[in-house]
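Start from the sequences and build out the full structure, keeping to the hints where you can.
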Amino acid sequence: NAGVTQTPKFRVLKTGQSMTLLCAQDMNHEYMYWYRQDPGMGLRLIHYSVGEGTTAKGEVPDGYNVSRLKKQNFLLGLESAAPSQTSVYFCASSELSGTPSNQPQHFGDGTRLSIL
Amino acid sequence: GENVEQHPSTLSVQEGDSAVIKCTYSDSASNYFPWYKQELGKGPQLIIDIRSNVGEKKDQRIAVTLNKTAKHFSLHITETQPEDSAVYFCAASTRGNTPLVFGKGTRLSVIA
Numbered sequence: 024n025a026g027v028t029q030t031p032k033f034r035v036l037k038t039g040q041s042m043t044l045l046c047a048q049d050m051n052h053e054y055m056y057w058y059r060q061d062p063g064m065g066l067r068l069i070h071y072s073v074g075e076g077t078t079a080k081g082e083v084p085d086g087y088n089v090s091r092l093k094k095q096n097f098l099l100g101l102e103s104a105a106p107s108q109t110s111v112y113f114c115a116s117s118e119l120s121g122t123p124s125n126q127p128q129h130f131g132d133g134t135r136l137s138i139l
Numbered sequence: 138g139e140n141v142e143q144h145p146s147t148l149s150v151q152e153g154d155s156a157v158i159k160c161t162y163s164d165s166a167s168n169y170f171p172w173y174k175q176e177l178g179k180g181p182q183l184i185i186d187i188r189s190n191v192g193e194k195k196d197q198r199i200a201v202t203l204n205k206t207a208k209h210f211s212l213h214i215t216e217t218q219p220e221d222s223a224v225y226f227c228a229a230s231t232r233g234n235t236p237l238v239f240g241k242g243t244r245l246s247v248i249a
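Chains A and B are the protein sequences, given in the same order.
Position one of the first sequence corresponds to residue 24 (our numbering), numbered consecutively onward.
Position one of the second sequence corresponds to residue 138 (our numbering), numbered consecutively onward.
One thing to keep in mind: the hints can contain errors.
Below, simulated DSS-like cross-link-like pairs (lysine-lysine); rule was C-alpha separation at most 30 Å, straight line [claimed, not checked]: (1) B:179 to A:93; (2) A:80 to B:174; (3) B:241 to B:159; (4) B:241 to A:32; (5) B:174 to A:32; (6) A:37 to B:179; (7) A:32 to B:179; (8) B:241 to A:80; (9) A:80 to B:208; (10) B:159 to A:80; (11) B:208 to B:195; (12) A:94 to B:179; (13) B:179 to A:80; (14) B:174 to A:94.
If you're looking for bench data, these hints aren't it; they were derived computationally from the structure.
Spelled out as structure tokens, the structure:
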């Protein structure tokens, strides 16, 4: 049982390039989330999804897009990467239980992204 | 919306001593409060959580207390060990269809 798997684990991009980060969960969770973690800033929510085919903006959505075409996958896209998007990106998922905030989140081990 | 403040941002303790991390929240409707531990190079992992119908919960050397009146909750680690060194995050539930709100984290160092 893998839990939450993020690919790739590391990536270096040049400014202006695009890429997609993939998150896959095998726990049949309804809710999925993307965070970025920067020194001293904690975890900041980028986008989240409350079910297949749905997405919503979090605290810092600008410059990112997401898609949830399958329940088990949540994709995070950077259309035109900027140095300010250098960060560690975490995906998480949680069970369906009333609201997205009433159950614990299960995290992947992150994608370390550097943009030059 | 919900706002979660976490203190201190860094904490150093001697091995065997206790460590306490405190969080305050703003929304009196919040009813779920998890704590996460993040080791170097890993994602956050849930270590303990508490719901608003109880005031305290223990799991071996870890305990969480909740004061709903004052809107704060705390993580207590007793008999600290070097492997407790990590970043710890608190979080609180929110109203409506929005996710947990996280504190900014506490870096705990246990000195052998």
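Taking the hints in turn, this is what the structure says about them:
1. B:179 to A:93: Since the Cα atoms of residue 179 of chain B and residue 93 of chain A sit roughly 25 Å apart, the hinted pair holds (cutoff 30 Å).
2. A:80 to B:174: 26 Å, holds
3. B:241 to B:159: With Cα atoms ~12 Å apart, residue 241 of chain B and residue 159 of chain B stay inside 30 Å; holds.
4. B:241 to A:32: 23 Å, holds
5. B:174 to A:32: Roughly 20 Å between the alpha carbons, so the hint for residue 174 of chain B and residue 32 of chain A holds.
6. A:37 to B:179: 25 Å, holds
7. A:32 to B:179: Status holds; Cα separation ~11 Å.
8. B:241 to A:80: 20 Å, holds
9. A:80 to B:208: 27 Å, holds
10. B:159 to A:80: Distance ~29 Å between residue 159 of chain B and residue 80 of chain A Cα, so the pair holds.
11. B:208 to B:195: 19 Å, holds
12. A:94 to B:179: 24 Å, holds
13. B:179 to A:80: 25 Å, holds
14. B:174 to A:94: With a Cα-Cα distance of about 27 Å, the restraint between residue 174 of chain B and residue 94 of chain A holds, given a limit of 30 Å.
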